[in-house]
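Visitor: Residue numbers (the working numbering), protein chains in the order written: chain A, 1 to 110; chain B, 1 to 117.
By construction, these hints were calculated from the structure, which means they are not laboratory data.
It cannot be assumed that every hint is accurate.
Restricting the straight-line Cα-Cα distance to at most 30 Å, the calculated cross-link-like pairs of lysine-lysine (DSSO-like) are [stated by the list, open to error]:
#1 Lys72(A) to Lys52(A)
#2 Lys106(A) to Lys52(A)
#3 Lys72(A) to Lys65(B)
#4 Lys13(B) to Lys65(B)
#5 Lys76(B) to Lys13(B)
#6 Lys65(B) to Lys52(A)
Each chain is listed here by its residues.
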Amino acid sequence: QTVVTQEPSFSVSPGGTVTLTCGLNSGSVSTSHYPSWYQQTPGQSPRALIYKTNSRFSGVPDRFSGSILGNKAALTITGAQAEDESDYYCVLFMGSGIYVFGAGTKVTVL
Amino acid sequence: QLQVQESGPGLVKPSGTLSLYCAVSGGSGTRNNWWTWIRQPPGMGLEYIGEMHYDGITNYNPSLKSRVTMSVDNSKSQFSLQLNSVTAADTAVYYCARGVNNAFDIWGQGTMVTVSS
Numbered sequence: 001q002t003v004v005t006q007e008p009s010f011s012v013s014p015g016g017t018v019t020l021t022c023g024l025n026s027g028s029v030s031t032s033h034y035p036s037w038y039q040q041t042p043g044q045s046p047r048a049l050i051y052k053t054n055s056r057f058s059g060v061p062d063r064f065s066g067s068i069l070g071n072k073a074a075l076t077i078t079g080a081q082a083e084d085e086s087d088y089y090c091v092l093f094m095g096s097g098i099y100v101f102g103a104g105t106k107v108t109v110l
Numbered sequence: 001q002l003q004v005q006e007s008g009p010g011l012v013k014p015s016g017t018l019s020l021y022c023a024v025s026g027g028s029g030t031r032n033n034w035w036t037w038i039r040q041p042p043g044m045g046l047e048y049i050g051e052m053h054y055d056g057i058t059n060y061n062p063s064l065k066s067r068v069t070m071s072v073d074n075s076k077s078q079f080s081l082q083l084n085s086v087t088a089a090d091t092a093v094y095y096c097a098r099g100v101n102n103a104f105d106i107w108g109q110g111t112m113v114t115v116s117s
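Whole structure, please, built from the sequences with the hints as guidance.
Guide: Put into structure tokens, the structure is as follows:
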């Protein structure tokens, strides 16, 4: 069974930088998995941030960036702001129209 | 500006069938896109249920495939989800979303479905 791994939580200071990762329980993440990232605050629908590893959706601030770091996909927030305190989910495309979500990373800004 | 909006019963009995609709407004309606269902149990993470292309092609999460049916009505600009033989484990907020570039860019506000007698 495919499991997408994410850190449970991260803390970052205002103005600081944090990098969240998205891995696989078996194998490496590559651009062929078309990693995408979503931000969700409590009680709200998820908001799309990144698609195809490193492309930002329209309206997403450029402090959010995506990449492949080693064998994982990564989301970096550079210059974190209070409003970035949210849950962040990655999604990987596994082929044949199948996507798998990670369990999410809770980011605290303090 | 394309928008999607879920609707359907908020309460379903165990062993029954969950039926939800997603209305698409703006843009070109349901045509020329993939449409996705995703759910989130209370206090938990997101789970991909499946996707449907406007021309009827479907792809389902293998863990739910035996119980899921998706359909699209292009004339009404809406698509639907049916989940059979539900249990309490199917209690969740259900989201519809548009699929584009192997991602989900436009999400509905979600609809809470509780499975209980």
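Visitor: Is the hinted pair Lys76(B) and Lys13(B) satisfied, with a Cα-Cα distance of at most 30 Å?
Guide: 28 Å, holds
Visitor: Is the straight-line distance between the alpha-carbon of Lys72(A) and that of Lys65(B) 30 Å or less?
Guide: 28 Å, holds
Visitor: Below or equal to 30 Å on CA atoms is what counts here, so check Lys106(A) against Lys52(A).
Guide: 22 Å, holds
Visitor: Are Lys13(B) and Lys65(B) close enough, with their CA atoms no more than 30 Å apart?
Guide: 20 Å, holds
Visitor: Is Lys65(B) within 30 Å of Lys52(A), Cα to Cα?
Guide: 26 Å, holds
Visitor: For a C-alpha distance cap of 30 Å, please report whether Lys72(A) and Lys52(A) respect it.
Guide: 14 Å, holds
This entry satisfies every hint, going by the numbered hints stated previously.
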